[in-house]
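Number of protein chains: 2
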Amino acid sequence: MELPQVLVLGPPSIFPYLESQFPNRFFFLKPWLYNLPLTQFLTSYAQSTQALLIRGGGSTQLTSAIIDCLPSLKLVVTSSVGVDHLDLPELRRRGVAIANAGNLFSEDAADMAVGLLIDVLRKVSAGDRFVRQGLWSKKGDFPPGLKLSGKRIGIVGLGKIGSEVAKRLEGFGCKVSYNSRTKKSMAPYSYYSNVYELAANTEALIICCALTKETYRLINKEVMQALGKDGVIVNVGRGLIIDEKEMIRCLIQGEIGGAGLDVFENEPNVPEELFNLDNVVLSPHNAVMTYESKVELSKLVVNNLEAFFSNTPLVSPVVD
Amino acid sequence: MELPQVLVLGPPSIFPYLESQFPNRFFFLKPWLYNLPLTQFLTSYAQSTQALLIRGGGSTQLTSAIIDCLPSLKLVVTSSVGVDHLDLPELRRRGVAIANAGNLFSEDAADMAVGLLIDVLRKVSAGDRFVRQGLWSKKGDFPPGLKLSGKRIGIVGLGKIGSEVAKRLEGFGCKVSYNSRTKKSMAPYSYYSNVYELAANTEALIICCALTKETYRLINKEVMQALGKDGVIVNVGRGLIIDEKEMIRCLIQGEIGGAGLDVFENEPNVPEELFNLDNVVLSPHNAVMTYESKVELSKLVVNNLEAFFSNTPLVSPVVD
Numbered sequence: 001m002e003l004p005q006v007l008v009l010g011p012p013s014i015f016p017y018l019e020s021q022f023p024n025r026f027f028f029l030k031p032w033l034y035n036l037p038l039t040q041f042l043t044s045y046a047q048s049t050q051a052l053l054i055r056g057g058g059s060t061q062l063t064s065a066i067i068d069c070l071p072s073l074k075l076v077v078t079s080s081v082g083v084d085h086l087d088l089p090e091l092r093r094r095g096v097a098i099a100n101a102g103n104l105f106s107e108d109a110a111d112m113a114v115g116l117l118i119d120v121l122r123k124v125s126a127g128d129r130f131v132r133q134g135l136w137s138k139k140g141d142f143p144p145g146l147k148l149s150g151k152r153i154g155i156v157g158l159g160k161i162g163s164e165v166a167k168r169l170e171g172f173g174c175k176v177s178y179n180s181r182t183k184k185s186m187a188p189y190s191y192y193s194n195v196y197e198l199a200a201n202t203e204a205l206i207i208c209c210a211l212t213k214e215t216y217r218l219i220n221k222e223v224m225q226a227l228g229k230d231g232v233i234v235n236v237g238r239g240l241i242i243d244e245k246e247m248i249r250c251l252i253q254g255e256i257g258g259a260g261l262d263v264f265e266n267e268p269n270v271p272e273e274l275f276n277l278d279n280v281v282l283s284p285h286n287a288v289m290t291y292e293s294k295v296e297l298s299k300l301v302v303n304n305l306e307a308f309f310s311n312t313p314l315v316s317p318v319v320d
Numbered sequence: 001m002e003l004p005q006v007l008v009l010g011p012p013s014i015f016p017y018l019e020s021q022f023p024n025r026f027f028f029l030k031p032w033l034y035n036l037p038l039t040q041f042l043t044s045y046a047q048s049t050q051a052l053l054i055r056g057g058g059s060t061q062l063t064s065a066i067i068d069c070l071p072s073l074k075l076v077v078t079s080s081v082g083v084d085h086l087d088l089p090e091l092r093r094r095g096v097a098i099a100n101a102g103n104l105f106s107e108d109a110a111d112m113a114v115g116l117l118i119d120v121l122r123k124v125s126a127g128d129r130f131v132r133q134g135l136w137s138k139k140g141d142f143p144p145g146l147k148l149s150g151k152r153i154g155i156v157g158l159g160k161i162g163s164e165v166a167k168r169l170e171g172f173g174c175k176v177s178y179n180s181r182t183k184k185s186m187a188p189y190s191y192y193s194n195v196y197e198l199a200a201n202t203e204a205l206i207i208c209c210a211l212t213k214e215t216y217r218l219i220n221k222e223v224m225q226a227l228g229k230d231g232v233i234v235n236v237g238r239g240l241i242i243d244e245k246e247m248i249r250c251l252i253q254g255e256i257g258g259a260g261l262d263v264f265e266n267e268p269n270v271p272e273e274l275f276n277l278d279n280v281v282l283s284p285h286n287a288v289m290t291y292e293s294k295v296e297l298s299k300l301v302v303n304n305l306e307a308f309f310s311n312t313p314l315v316s317p318v319v320d
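Same order as they appear, the protein sequences are chains B and V. Each residue of the first sequence is one higher than the one before, starting from 1 at the first, in the working numbering. Each residue of the second sequence is one higher than the one before, starting from 1 at the first, in the working numbering.
In short, the hints are calculated from the structure, not lab data. Take these hints with a grain of salt, some might be off.
Pairs of lysine to aspartate or glutamate residues, derived as DMTMM-like cross-links and limited to a Cα-Cα distance of at most 25 angstroms, are as follows [what the hints assert, rightly or not]: (1) B/K138 - V/E222; (2) B/K139 - V/E267; (3) V/K139 - B/D230; (4) B/K139 - V/E273; (5) B/K175 - V/E19; (6) V/K139 - B/D320; (7) V/K299 - V/D278; (8) B/K138 - V/E19; (9) V/K30 - V/E19; (10) B/K138 - V/E170; (11) B/K175 - B/D141; (12) B/K160 - B/E296; (13) V/K139 - B/E273; (14) V/K138 - B/E265; (15) V/K175 - B/E292; (16) V/K229 - B/E292; (17) V/K139 - B/E265; (18) B/K138 - V/E267; (19) B/K160 - V/E170; (20) B/K74 - B/D87; (21) B/K74 - B/E90; (22) B/K213 - B/D320; (23) V/K229 - V/E296; (24) B/K299 - V/D141; (25) V/K299 - B/D230; (26) B/K229 - V/E267; (27) B/K167 - V/E170; (28) B/K175 - V/D278; (29) B/K139 - V/E170; (30) B/K184 - V/E265; (31) B/K213 - B/E170; (32) V/K139 - B/E19; (33) V/K138 - B/D278.
Residues on chain V that point at chain B, a partial pick, calculated with CB under 8 angstroms [said to hold, decoys possible]: (34) S13; (35) R249; (36) I252; (37) E255; (38) T290.
Ideal Cβ positions, reconstructed from N, Cα and C, are used throughout, including at glycine.
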């Protein structure tokens, strides 16, 4: 019996694990093994491919030019929560179904957001560098950071991840506020209808929203200036939600206090100006990935692919 | 009018701030400015000194040899919560009063303990090094860490700091257990009467207890082996609560998973074997210090000194 064919783009970071743990279920088409331009590979080998597994956003984009090379495409499974790297209108127009990582990552992303916030405020990574460089015994006391307990924290996007961040911050005695498209009637936090007001009334912003036309460069110069010189930004959303150039200028000139960044505009390339700053913590888009979630995500991807090939409903479909 | 004299040993990290913010209240005796052995300085200049301000434990000890040089001593104010660096029996015998930092640091210490735990599990500092060294664009995906949400966490010492840690970890959905001298009837967490059992039943240990004869090297080889190869240790107590040599061996040989250390046996000297390990986070005894707590602690020290010199009760006395 022939195995169902799955084209893999990216590939997702879980792919080697998935491939070894779930053998003999699919035939994976791997363009990166061929010395061909992608469109040429697809035209030659993927004309009957119905299912595509793609890495999350950042460096990999599913453009209409790629979709045009896949006439039989009926399913896209992305290993991410976000779908900003997919040309949604084009996929919809062609009736292609989409599955994503569902809520699998919410806890991990929230844990990391809080970890980055503590790290920036309390200078954990900077202190670690100080000790490893042998400076503690030479230079004496390391300068203190800022307190987290009791701080006013603003969450941008109170979806599943944002809500998990809020729950965690309550344990630290923080005063949580949020901004989102609409007020959530069940959320016990102050709502600000615009992010500028949120920044003006809080000491740190945690970016938890999806990248959309509305959130593209939402965190701009005015928002950062409202946040102020001791203010901290944590981003576990997408790099393009922040005006990155402006943020770097604000960090260097002390117009904001610091930043904990898991995502960047042009991953995996991180602007080198950030490498020498002690008030930033740089994370290689790792917020949503733990060993445990890698295992769970691999299962979820396989379950979505098997559902598709057996004509049963997707486990974690993306619906409008 | 002559200002009341205060001998300063250490000095505490807050001392420069305290001195500049509260001028003309005390005459500070600063032995480190004199080119004399300490005992000779004290014998020459501190014979009438009644009040002593001392840095917290780690590198500074108030031994009976020093106390012997201070015949007029009536008050010791330490800038720490812990009093393990003070010769308590000798001070008690002489009727010397002691004031410490009270509960001032509990929130900051708990925030840092959780920050170190997230950092070790999720490899935050290691990821930051990876990005800063330009390895993300060269080597690709950074290996995932371990999940915090839902983990079984053991707290060693459920005092003020331990309780604040527990409260925070509840927000992460962790299952909290603890070990302490006695079961706390009000605490909603599982109690283990010995730390070995606690380690055997949890995935991380957070050391929050004071250093005493009973807790000296409490975390020994057997406890670490019970914790196991994915287990993590966080220490915001004192370095001597862990068998440091054995811990380093366990870290290098993979017998425990990782460690987040704010305190060490011989501060500010940190064993160099730790500098090259990616599964440890090293913090320069900074858990209890933030800008905000520096301000509050300076006020508290001044209030204790002024209470003493005006014969009113100490604000934060250490009582048996």
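Now for the hints, and whether the structure bears them out:
The straight-line distance between the Cα atoms of B/K138 and V/E222 is roughly 35 angstroms, outside the 25 angstroms bound, and the hint therefore fails. Taking the CA atoms of B/K139 and V/E267, the gap is about 13 angstroms. The hint holds against a cut of 25 angstroms. For a cut-off of 25 angstroms, the pair hint linking V/K139 to B/D230 is broken: about 34 angstroms separates their Cα positions. Only pairs whose Cα atoms come within 25 angstroms are accepted, and B/K139 paired with V/E273 is accepted, the gap being roughly 20 angstroms.
The suggested pairing of B/K175 with V/E19 is violated, with an alpha-carbon distance near 33 angstroms, which exceeds 25 angstroms. Proposed proximity of V/K139 and B/D320 is contradicted: the alpha carbons are some 36 angstroms apart, above 25 angstroms. Restraint check: the Cα-Cα separation between V/K299 and V/D278 comes to about 39 angstroms, which exceeds 25 angstroms; the hinted pair is violated. Among the hinted pairs, B/K138 with V/E19 is consistent with the structure: their alpha-carbon atoms are about 23 angstroms apart, no more than 25 angstroms.
Under the criterion of a C-alpha separation no larger than 25 angstroms, the hint pairing V/K30 with V/E19 is consistent with the structure, at around 12 angstroms. For the hint pairing B/K138 with V/E170, the CA-to-CA distance comes to about 39 angstroms; that exceeds 25 angstroms, so the pair is violated. Using a Cα cut-off of 25 angstroms, the hinted pair B/K175 and B/D141 is violated, with the two alpha carbons roughly 31 angstroms apart. Taking the CA atoms of B/K160 and B/E296, the gap is about 18 angstroms. The hint holds against a cut of 25 angstroms.
The suggested pairing of V/K139 with B/E273 holds, with an alpha-carbon distance near 20 angstroms, which does not exceed 25 angstroms. With a C-alpha separation of about 17 angstroms, the suggested pairing of V/K138 with B/E265 holds against the 25 angstroms cut-off. Of the pairs offered as hints, the one joining V/K175 and B/E292 holds, with about 17 angstroms between alpha carbons and a cut-off of 25 angstroms not exceeded. The suggested pairing of V/K229 with B/E292 holds, with an alpha-carbon distance near 16 angstroms, which does not exceed 25 angstroms.
Under the criterion of a C-alpha separation no larger than 25 angstroms, the hint pairing V/K139 with B/E265 is consistent with the structure, at around 19 angstroms. As the CA atoms of B/K138 and V/E267 are separated by approximately 12 angstroms, the hinted pair is consistent with the 25 angstroms bound. With a CA separation close to 18 angstroms, the supplied pair B/K160 and V/E170 stays within the 25 angstroms bound. Straight-line distance between C-alpha atoms of B/K74 and B/D87 comes to about 14 angstroms, which keeps the hinted pair within the 25 angstroms bound.
Proposed proximity of B/K74 and B/E90 is supported: the alpha carbons are some 12 angstroms apart, at most 25 angstroms. Taking the CA atoms of B/K213 and B/D320, the gap is near 15 angstroms; set against the 25 angstroms cutoff, the hint holds. Only pairs whose Cα atoms come within 25 angstroms are accepted, and V/K229 paired with V/E296 is rejected, the gap being roughly 41 angstroms. In summary, the hint linking B/K299 to V/D141 is supported, as the alpha carbons are separated by about 20 angstroms, within the 25 angstroms threshold.
Note on V/K299 and B/D230: the hinted pairing holds, with a Cα-Cα distance of about 23 angstroms set against a maximum of 25 angstroms. Pair hint B/K229 plus V/E267 does not hold up; C-alpha atoms about 33 angstroms apart against a cutoff of 25 angstroms. Taken as a hint, the B/K167 and V/E170 pair is honoured in the structure, with Cα atoms around 9 angstroms apart against an allowance of 25 angstroms. A hinted pair counts as satisfied when its Cα atoms are at most 25 angstroms apart, and B/K175 with V/D278 does not qualify at roughly 34 angstroms.
Between B/K139 and V/E170 the CA atoms are separated by roughly 38 angstroms; this puts the pair beyond 25 angstroms, and the hint is violated. The hinted pair formed by B/K184 and V/E265 fails the criterion: a straight-line CA distance of about 50 angstroms is larger than 25 angstroms. Proximity of B/K213 to B/E170 is assessed by CA-CA distance (about 31 angstroms); at most 25 angstroms being required, the pair is judged violated. For the suggested pair V/K139 and B/E19, the alpha carbons sit about 20 angstroms apart, so the restraint of at most 25 angstroms is met.
Distance restraint check for V/K138 and B/D278: the Cα-Cα separation of roughly 23 angstroms lies within the 25 angstroms cut-off, and the hinted pair is therefore satisfied. Because the smallest distance between the Cβ of V/S13 and any Cβ of chain B comes to about 4 angstroms, under 8 angstroms, the interface hint for this residue holds. Because the smallest distance between the Cβ of V/R249 and any Cβ of chain B comes to about 19 angstroms, over 8 angstroms, the interface hint for this residue is violated. Interface restraint check for V/I252: the shortest CB-CB distance to chain B comes to about 16 angstroms, outside 8 angstroms, so the restraint is violated.
Because the closest C-beta pair between V/E255 and chain B is about 19 angstroms apart, greater than 8 angstroms, the hint is violated. At its closest, the beta carbon of V/T290 sits 4 angstroms from a beta carbon of chain B; the interface hint therefore holds under the 8 angstroms criterion.
Checked against the numbered hints above, the structure breaks hints 1, 3, 5, 6, 7, 10, 11, 23, 26, 28, 29, 30, 31, 35, 36, 37 and satisfies the rest.
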